[in-house]
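Engineer: Okay, here's what each chain looks like letter by letter:
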Amino acid sequence: MATKTVKPASAEEAAGSAGSDDASSPLLRVDGLAVSFGAKRVLDDVSFSVAPGELLAFLGANGSGKSTTLRAVAGLTPYQRGDIEVGGSHGRPAMVFQKIHLVARRSVLDNVCAGALGRMSTVASLHPWLFPAAIRREAMVALDRVGLADRATDRAGTLSGGQQQRVAVARALCQGAEVLLADEPVAALDPQAARTVMSLLRDLAHDEGLAVAAVLHQPDLAREFADTIIGLQSGEIVLRGTAEEISAEAITSLYTTAPIAEDE
Amino acid sequence: MKTIPDTRGTTLRTVPLRNTTSALQPPIRRFGGWQLATAIVVIVLLHVVAIRETDFSFVTLVDGRQGMINFLSEAFPPNLSWEDTLWPGIEATGITLWIGLLGTTLSIPTSALLAVLGSRTTSPNRFVYQIARSIMSFLRAVPDIVFALVFVTAVGLGPFPGVLALIFHNTGVMGKLWSEAIEEIDPGPSEALKTAGASRGQIVANATFPQVVPQLFGLLLYRFDVNVRSSLVLGLVGAGGIGLLINQAIKSFQFDSMLTYILIVLVLIIAVDLFSAGVRKKLAL
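Residue numbers (my numbering), protein chains in the order written: chain A, -12 to 251; chain B, 2 to 286.
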């Protein structure tokens, strides 16, 4: 996988310089991505880029390849062809999931710190008691950013679904990545919590210069919160544009004319 | 802001409900009659062979009732002499308990290592996985009493070979149970940490282990329970403890002392059972 360092800066520093020198240079660039599961072609020639400060939403029916795209970028699904370039100081995107994937029995703070495991020594990462103080402070900053600093010592499993997803976002922030992938982040949440999480993702892009790519199942949320929308059908991009450019009918056609496919 | 048309109904095509009751009859379940008959014949044949080979006979049991009555009348009342029986019995029961305790706790490191290497979700590769599985299978297949006999010849009579035997056998059993518990946990948190750039060891320490700890502890208590009972049997082959005293009492026809020892064992087993059940219940909450 080719990686390119766009700028060696933390998320906060990127926010300050996002509008200046290389605002047009994307933080995530995917070119000609193709994924097959055995003989079944799942993605074919998918290309897109996400700039700092941009929230990109993927829409499409079940089985259209939205999640596979994100999982390939995150390194969770092997891909046969294509180039993926991830900018930022680590060259590795952070990801939040539909099923949130926190360790329910550990504290909220410990879960957030776990995002920084890649930066910890082996000994320091053995148990939360050994996590470095600097990373615990970073984790508190990230928790404060998602508005849950007061729940730091609670067990993650005691929080509501929406709060848990915000903790997962904080964990992703603690990773220090500038590219944030979100795989159906609000599909399991009630409408109120979904809007809170979507606002958070949009603010992280607009205010702090992160490049955010989210797979969504609700076209109305995509139109309200995303800057750019990509529509996928049978593993190919069939729709692309800003939220203003794309009509409701075009989005509807993604779902109504899609061939019947299995669940992703 | 533009409103989005409600598209939820657009793909629905109405299908006329078939107005025939016959079309909706569930298919008749066909019983494989001859398969069932064959199974019954095979099971009956197996039992005929087994009963013949084990000399299983109710008649023999009823004929031997006098021997049992004699045995019980000699055992009753139990010998409650403090100096001769009660105190030595309690002391030996303590040894049995300590054998079970050490046999369980000292096998934690080996069990944990084999469990991590021997579960599909945490093993570094297939080769290591197969090796770990094979070691656990071997340790499980050799009964603890055979290990005890081997270690008695190596280090002599006494509780020590009993502890060694339990460590070896329990490593195989507890490692297997733990590896299954590890395989059953939700892989999501591990996947999340993998995307965050965590190494395999970091994932085990921060996603796998904290998720599975209650199950591991419950299985540990269960194995402690079993191992205390096993250490009783190990006493019979020279590993000390109350098993040894019961064996000696039978060999010297002191059935009243034997009954006392059995009653002490009963108290121990009930106490360990209540303890482990109580802690496991607490854990489940």
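Worth double-checking, as some hints may not be accurate.
Calculated pairs, EDC-like style, for lysine to aspartate or glutamate (alpha carbon to alpha carbon, straight line, at most 16 angstroms) [claimed, not checked]:
hint, chain 1, residue 1, chain 2, residue 2
1, A, Lys86, B, Glu192
2, B, Lys282, B, Glu192
3, A, Lys86, A, Asp177
4, A, Lys27, A, Asp177
5, B, Lys252, B, Glu75
6, A, Lys86, B, Asp187
Calculated directly from the structure, the hints in this document are not laboratory data.
Engineer: So, for every hint listed, does it hold in this structure?
Structural biologist: Results of checking the hints against the structure:
| no. | hint | verdict |
| --- | --- | --- |
| 1 | A:Lys86 / B:Glu192 | holds (11 angstroms) |
| 2 | B:Lys282 / B:Glu192 | violated (31 angstroms) |
| 3 | A:Lys86 / A:Asp177 | holds (14 angstroms) |
| 4 | A:Lys27 / A:Asp177 | violated (34 angstroms) |
| 5 | B:Lys252 / B:Glu75 | holds (14 angstroms) |
| 6 | A:Lys86 / B:Asp187 | holds (10 angstroms) |
Checked against the numbered hints listed earlier, the structure breaks hints 2 and 4; every other hint is satisfied.
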